Amino acid sequence: MARYYFHIKDGAELVKDQEGTELPTPDAARRQALKSARELWANAIRSGKNLGADAVIIADEYGGTLTFVPMNEVLPKRPR
Amino acid sequence: MPFSDSPNHFLASLSARDSELVRPHLKARQLPQGEVIYSAEDTIEHVYFPDTGVVSLVVGLTSGQFVEAGMLGRNSVVGAAAPLDGSTALNRAIVQVESAGATADTAVMKRLVKESETLRLALVRNDQMASAQTQQVAACNALHELEERLSRWLLQTRDLVRSDTLPLTQEFLSQMLGVQRSSVTLVARKLQEVGLINYRRGRIHVLDVEGLHESCCECYAAINGHFHRLIGWTPDENAHGRRAAP
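Protein chains in written order, with the working numbering: chain A, 1 to 80; chain B, 81 to 326.
To be clear, the hints were calculated from the coordinates, so they are not data collected in a lab.
Treat the numbers as computed from the prediction; the structure is a model and nothing was measured.
All C-beta atoms, glycine included, are put in the ideal place defined by N, C-alpha and C.
Each statement offered as a hint is correct.
Calculated lysine-lysine pairs in the DSBU-like style (CA-CA distance at most 35 Å, straight line):
1) B:LYS270 to A:LYS9
2) A:LYS49 to A:LYS35
3) B:LYS270 to A:LYS77
4) A:LYS16 to A:LYS35
5) B:LYS194 to B:LYS107
6) A:LYS35 to A:LYS9
7) B:LYS270 to A:LYS49
8) B:LYS190 to B:LYS107
9) A:LYS77 to A:LYS16
10) A:LYS16 to A:LYS49
11) A:LYS49 to A:LYS9
12) A:LYS77 to A:LYS9
13) B:LYS270 to A:LYS35
14) A:LYS49 to A:LYS77
15) B:LYS270 to A:LYS16
Residues from chain B shown here face chain A by an in silico Cβ test under 10 Å; the list is partial:
16) LEU226
17) GLU227
18) THR249
19) GLN250
20) GLU251
21) VAL259
22) GLN260
23) LEU266
24) TYR279
25) ARG280
26) ARG281
27) GLY282
Turn these sequences into a full structure, and let the hints guide you.
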């Protein structure tokens with residue numbers, strides 16, 4: 001288990017996750033970030049308010065960025 | 081001697097006679113944050129009368145997720161239905177903010193409600209109140225936005241702990257509200273930007289109570305209406321002397 005932090009990038013601003021979450025693998029952290037990004041979209045669509053996020057950034061406990069999930073990559077694909 | 085000076089509203093509201101019945105059976109109890117008082121389908125062995133802190137009633141799903149359906153504290157009783165032949169728990173009661181109070185054995189309380197109709201009715205009203213609250217919260221969870229729900233939740237918690245400082249992690253908040261932690265991060269940032277709260281790791285400070293009233297949904301007032309009608313409880317003045325909305 002390791003602690004992962006899910007910061008939110010909003011323009012020039014970084015909204016820091018101050019607590020982090022214990023997760024078993026980097027893969028689990030990425031799945032968590034995907035879920036979070038989708039929920040942020042859902043909240044914004046439902047409320048009609050600003051999304052307030054460009055990407056969910058996954059960081060480790062030393063503050064290093066591991067990867068990031070851009071908001072526009074998490075939307076469901078249109079069926080062909 | 082009635083319990084008129086008890087910090088617990090249920091005990092404080094009992095008649096002198098009912099107080100005499102209950103008092104010899106009370107045992108002091110301290111419950112740390114995170115303690116599970118009972119889980120769904122458990123037999124409720126003790127009725128708990130909190131003086132301080134907050135107990136959440138949560139509904140668990142097989143995925144391991146759970147969501148809060150209501151909260152109780154110094155205003156009420158945890159397990160009010162148990163002495164009324166409802167001793168099988170319908171949900172999980174978990175300590176959200178460290179709590180001190182008193183317990184009484186369900187078996188003893190069952191006997192006492194046979195001796196006193198007024199004591200039985202007091203428990204019935206508290207059970208109805210818990211049910212009214214969970215119904216309101218069900219509607220709130222389904223239809224209201226996270227910002228409104230979080231504001232309602234902070235106001236309710238603040239009323240029970242009588243403090244503007246709430247010892248709550250975002251992890252816990254997100255579990256109670258049934259959302260991802262990132263959603264709480266963004267909404268908390270917004271409330272912080274407009275000066276309603278200040279969030280520090282593991283601690284939320286309420287800065288502007290009137291502002292939180294404006295950002296919350298009707299459910300806060302509706303739940304307090306149920307509290308008032310069914311058990312005669314209204315959130316009182318806080319540490320800063322401001323009054324919560326009726």
